[in-house]
Amino acid sequence: MQSIRNNVGVFLSFSSPTFIWLILFFIVPLGIVWLYSFGENVSLTEIETTWTLDNYRRMLEPEILKLMGRSVWLAFASTIICLLVGFPMALVIATASPNAKPWLLLLIMLPFWTNLLIRTYALLNILGTRGRLNDLLRWLYEQADALINTIGLGNLGLLGDGFTPLKMLGTPAGVIYGIVYVSLPFAILPIYSSLERMDKSLLEASMDLGGSQWQTAKNVLIPLAMPGVITAAIITFIPALGQFLTPDLLGRGQVDMIANVIERQFKRANDWPFGSAISLTLLYATFMLLAIRSFNDAARAKRASKR
Amino acid sequence: MPLFQKNNTAGPFDYSRKWLLRMVFIVGTVFLYAPIVVLIIFSFNDSKRGGNIIWKGFTTKYYTKAFGNEELMLAFGNSLTIAVASTVISVLLGALTAIVLWRFRFPFKPVYEGLVSLPIVIPEICMGVSLAMFFSQMGWMQTGDSHWPFNLTNIIIAHITFSFPFAAMVIRTRLQSFNREMEEAAKDLGASEFRVFKDILLPHMKPGLVAGALLAFTLSLDDFVITFFTSGPNTVTFPVKIYSMVRFSVTPEINAASTVLIIMTLVLTFIALRYQRVDSTS
Amino acid sequence: MSDPIVSIRNISKQFDSVLALDDVSIDIRPGEIFALLGPSGCGKSTLLRVISGFETPTSGELLLDGEDMTQLPPNKRPINMVFQSYAVFPHMNVETNVAYGLKMDKVPSDEIKTRVATALAQVHLEDFAKRMPDQLSGGQRQRVALARALVKKPRVLLLDEPLSALDAKLRDAMRLELVKLQETVGITFIIVTHDQAEAMAMADRIAVLESGKLRQVATPEELYSHPIDGFVADFIGNINSFAVSSWHADNGQISLTAEHLNTVVLAIDETPAFLLSEAPASDAVLAVRPEHVTVSLTQPDENHVSLRGTLGDVAYQGQHCIAEIRLDNGTSISAIIDNALAKSLPSALEQAPIWAFWQANNMLLLPRKVD
Chain V
1 MQSIRNNVGV
11 FLSFSSPTFI
21 WLILFFIVPL
31 GIVWLYSFGE
41 NVSLTEIETT
51 WTLDNYRRML
61 EPEILKLMGR
71 SVWLAFASTI
81 ICLLVGFPMA
91 LVIATASPNA
101 KPWLLLLIML
111 PFWTNLLIRT
121 YALLNILGTR
131 GRLNDLLRWL
141 YEQADALINT
151 IGLGNLGLLG
161 DGFTPLKMLG
171 TPAGVIYGIV
181 YVSLPFAILP
191 IYSSLERMDK
201 SLLEASMDLG
211 GSQWQTAKNV
221 LIPLAMPGVI
231 TAAIITFIPA
241 LGQFLTPDLL
251 GRGQVDMIAN
261 VIERQFKRAN
271 DWPFGSAISL
281 TLLYATFMLL
291 AIRSFNDAAR
301 AKRASKR
Chain E
1 MPLFQKNNTA
11 GPFDYSRKWL
21 LRMVFIVGTV
31 FLYAPIVVLI
41 IFSFNDSKRG
51 GNIIWKGFTT
61 KYYTKAFGNE
71 ELMLAFGNSL
81 TIAVASTVIS
91 VLLGALTAIV
101 LWRFRFPFKP
111 VYEGLVSLPI
121 VIPEICMGVS
131 LAMFFSQMGW
141 MQTGDSHWPF
151 NLTNIIIAHI
161 TFSFPFAAMV
171 IRTRLQSFNR
181 EMEEAAKDLG
191 ASEFRVFKDI
201 LLPHMKPGLV
211 AGALLAFTLS
221 LDDFVITFFT
231 SGPNTVTFPV
241 KIYSMVRFSV
251 TPEINAASTV
261 LIIMTLVLTF
271 IALRYQRVDS
281 TS
Chain U
1 MSDPIVSIRN
11 ISKQFDSVLA
21 LDDVSIDIRP
31 GEIFALLGPS
41 GCGKSTLLRV
51 ISGFETPTSG
61 ELLLDGEDMT
71 QLPPNKRPIN
81 MVFQSYAVFP
91 HMNVETNVAY
101 GLKMDKVPSD
111 EIKTRVATAL
121 AQVHLEDFAK
131 RMPDQLSGGQ
141 RQRVALARAL
151 VKKPRVLLLD
161 EPLSALDAKL
171 RDAMRLELVK
181 LQETVGITFI
191 IVTHDQAEAM
201 AMADRIAVLE
211 SGKLRQVATP
221 EELYSHPIDG
231 FVADFIGNIN
241 SFAVSSWHAD
251 NGQISLTAEH
261 LNTVVLAIDE
271 TPAFLLSEAP
281 ASDAVLAVRP
291 EHVTVSLTQP
301 DENHVSLRGT
311 LGDVAYQGQH
321 CIAEIRLDNG
331 TSISAIIDNA
341 LAKSLPSALE
351 QAPIWAFWQA
361 NNMLLLPRKV
371 D
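Chains as they are written, first to last, in this note's numbering: chain V, 1 to 307; chain E, 1 to 282; chain U, 1 to 371.
Source of the hints: derived by calculation from the structure; they are not laboratory data.
Any given hint could be a false lead.
Computed list of lysine-lysine pairs in DSBU-like fashion (alpha-carbon distance at most 30 Å, straight line) [claimed, not checked]: (1) Lys169/U to Lys130/U; (2) Lys198/E to Lys130/U; (3) Lys206/E to Lys113/U; (4) Lys101/V to Lys200/V; (5) Lys76/U to Lys106/U; (6) Lys66/V to Lys200/V; (7) Lys106/U to Lys206/E; (8) Lys198/E to Lys106/U; (9) Lys302/V to Lys109/E; (10) Lys109/E to Lys198/E; (11) Lys218/V to Lys101/V; (12) Lys18/E to Lys200/V; (13) Lys76/U to Lys180/U; (14) Lys206/E to Lys76/U; (15) Lys198/E to Lys153/U; (16) Lys56/E to Lys167/V; (17) Lys76/U to Lys213/U; (18) Lys213/U to Lys169/U; (19) Lys169/U to Lys206/E.
It should be emphasised that the depicted structure is a prediction, and the values quoted were computed from it without experimental measurement.
Given only the sequences and the hints, what does the whole structure look like? Please build it.
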């Protein structure tokens, strides 16, 4: 690392293209959103920034609040599922043999490299009432039914009147399924890297001191993997909160989230000021989550420095 | 695969050998792959409806149909053009950014660093909306009427903005493994600053540049939301085209087109891996 | 004596709040192996980087063959370096690595060819010319780094901790080989090391640095037998030191008292200046090397300096043993004794009283530390 004092020329010629690009195509556009969020439609095509707070006030309408609440809980539920499934999967990869490890990682990462739209679209085949998931459930039902009949309990009607297909498309469950599907690789990677770095002798020390498998996992493994789990939670939650495609395609317009409302303001309702205000609210929520994470990191760094 | 060998010598912390964890892993993997595999299989199904349930025999006619669909092919061409253009500029900007962050100490560095990583973390819908408003404010939305490839300028700019920070991140990671003594050794042997850059630093950066380029390329091909907002009515990319087709109905043709894209991404990923492996052993 | 090849004149180097080099002046003679020795953080590496041109001193000047090169960038200095990590370029094969410096000097390509071949032969790597660095062992990579620097025929070759990354067996072999190589090429070597045994074995002269200050420059023998102060004495081999409590000089003799010891009488030409300064007597130490100390279960005669303690651990070293004698204030001294004597001693557990003794004329009277 060197000071820029002796290399001002090199420094400026290397840093200014990025800087100018970000100002022009990132900061200025966000600035426009910010200005419009205090604006009004004065005609069909013109918007004037009148510093009105109406657009923000409108977000307190019950319909919008309900939508935001739904976005948060769908994102939250998806994140929890991702962590619950991702942790054991990350653990398996982290402790696999050195030869198998890169392949297992690749196995998890490959879907991530596949187009998001295609992956979401692919779920349509799976989740429909006559889709693959219901085929599987029907098969399981029939097997169970046959089993019950052979052991002579058939007339008790334990399984109801017959197989009713599970409705996933257009329900929160379907949307959660979709979000988990597209975010799972994101959740696995940070947990994997924190497990990978962990010194295995810490686990052995715990067992050596009399801890059982479960106690060791609870008292040593999971606490030490916590930084990775928190990172995983945040980088799963943020994109989940702003999901557009999943609720759009799998929610069938019945399970809209914030992004769908934003899209509607721009593409159909043509209410850009309101759309801007919602976008910014989503952005602020993102910043808050990131701030929580950096506080968390800073606190850990401080503790480490005191030692 | 060694992971799935029966082994009775597993230690207490060989979690990868515990059957319950293995089950979770296998179920999770099936969960990730089943939809894609089903999609690929059904792209060969001889049935008019793409979401169809019943296997009606093998056919490749939907591939012929997809390749014969002029609009789809145009959209595909647009997507590739955008990906190539945005990759080139993203890698350039990413490399400059990475070098600046790696090499220099300067006032407000954390601010610069934060600014660069912001496009990675903000929700893509926010970015799509803001760029859409920016382009329309600048009166650039009309580029849809200009000639190819200039009608793609908006989308290319948008793609560069969200992909170069990723490229910068990858390249910077590579730079961090650079041994500064290499640079000093070259100087000690008489090399000028420029020769050091060309002979020593650039070859070291190369795998990072390639990885950054592949990442930028995939991100560009993958993007739907931001493109959806920044494309004019007459410029259609592959994901945007598929989206409009999906809204209309699920057809085997979409399955076929999607399969082509999946295979393409697979091939690119394997090239990247092969390249990295070759690079690390030589 | 010939003119110095490198003159380090009053060089200081300040890093933020740390004074890494404090007014260091050394003359290095042509054709010698010169070692910069000191504990980590003493400034020896900074000094090497000043000589190579990667650091510019805050003050002072650096002369090469009498000419000032303080401001010359590293790529313009006729000085080359073997880096601690060797810094062999990973994307070039052995030959290309060695040729790199000549290419930078625009040497004609057929001359490069012959010079590279000669250099590779000098380090016994003729058969490895086409290998890539990751196909070489650590020792071979170091030879590449050596050849790469030597092929430029530098006036001075700098070696930064050249043996620290090698395993013990290879280290001993490489020590000899470096000395032989230096004799063949006749180039001045400046070696940075923290290992006093390495410096003693290889160098013609050694500079001992500590906390950015130059303590002493001398041949290995001089350093060992006439260290300038307690720090150097302790750094170059082990030594047992005793703080002086009072002294009296008279008629070519000085008699001193020190903790644990009976009165010691030494013959001197004149009273050392450090005793006459304002500093209290305890800033002087009496010191004796372990190989001059022997032990006995009975009290030795009056002609020896002696002290009484209890026998601590006896560590077997192969050709001899090191015995620890514990003193009543919790400190201990060590003595090198022969294996037969060690066998006759009771075990440490018995805490047997024991005497350590030596000849007074084996003692060194030193300031604790010269500033």
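Hints and how they fare:
At roughly 27 Å between alpha-carbon atoms, Lys169/U and Lys130/U fall within 30 Å of each other, so this suggested pair holds. A distance of roughly 22 Å separates the Cα atoms of Lys198/E and Lys130/U; the hinted pair therefore holds under the 30 Å criterion. Note on Lys206/E and Lys113/U: the hinted pairing holds, with a Cα-Cα distance of about 28 Å set against a maximum of 30 Å. Note on Lys101/V and Lys200/V: the hinted pairing holds, with a Cα-Cα distance of about 16 Å set against a maximum of 30 Å.
Proximity of Lys76/U to Lys106/U is assessed by CA-CA distance (about 13 Å); at most 30 Å being required, the pair is judged to hold. For the suggested pair Lys66/V and Lys200/V, the alpha carbons sit about 47 Å apart, so the restraint of at most 30 Å is broken. Distance check on the hinted pair: Lys106/U and Lys206/E sit about 26 Å apart at the alpha-carbon level, within 30 Å; holds. For the hint pairing Lys198/E with Lys106/U, the CA-to-CA distance comes to about 17 Å; that is within 30 Å, so the pair holds.
Restraint check: the Cα-Cα separation between Lys302/V and Lys109/E comes to about 21 Å, which is no more than 30 Å; the hinted pair holds. Distance hint between Lys109/E and Lys198/E is fulfilled; the C-alpha atoms sit about 26 Å from each other, no more than 30 Å. For the suggested pair Lys218/V and Lys101/V, the alpha carbons sit about 24 Å apart, so the restraint of at most 30 Å is met. Proximity of Lys18/E to Lys200/V is assessed by CA-CA distance (about 16 Å); at most 30 Å being required, the pair is judged to hold.
Among the hinted pairs, Lys76/U with Lys180/U is consistent with the structure: their alpha-carbon atoms are about 28 Å apart, no more than 30 Å. Between the alpha carbons of Lys206/E and Lys76/U the distance comes to roughly 28 Å, so the proposed pair stays at or under 30 Å and holds. For a cut-off of 30 Å, the pair hint linking Lys198/E to Lys153/U stands: about 25 Å separates their Cα positions. Pair hint Lys56/E plus Lys167/V holds up; C-alpha atoms about 25 Å apart against a cutoff of 30 Å.
For the hint pairing Lys76/U with Lys213/U, the CA-to-CA distance comes to about 28 Å; that is within 30 Å, so the pair holds. For the suggested pair Lys213/U and Lys169/U, the alpha carbons sit about 33 Å apart, so the restraint of at most 30 Å is broken. Between the alpha carbons of Lys169/U and Lys206/E the distance comes to roughly 38 Å, so the proposed pair goes past 30 Å and is violated.
The structure fails to meet hints 6, 18 and 19 from the earlier list, while all remaining hints are met.
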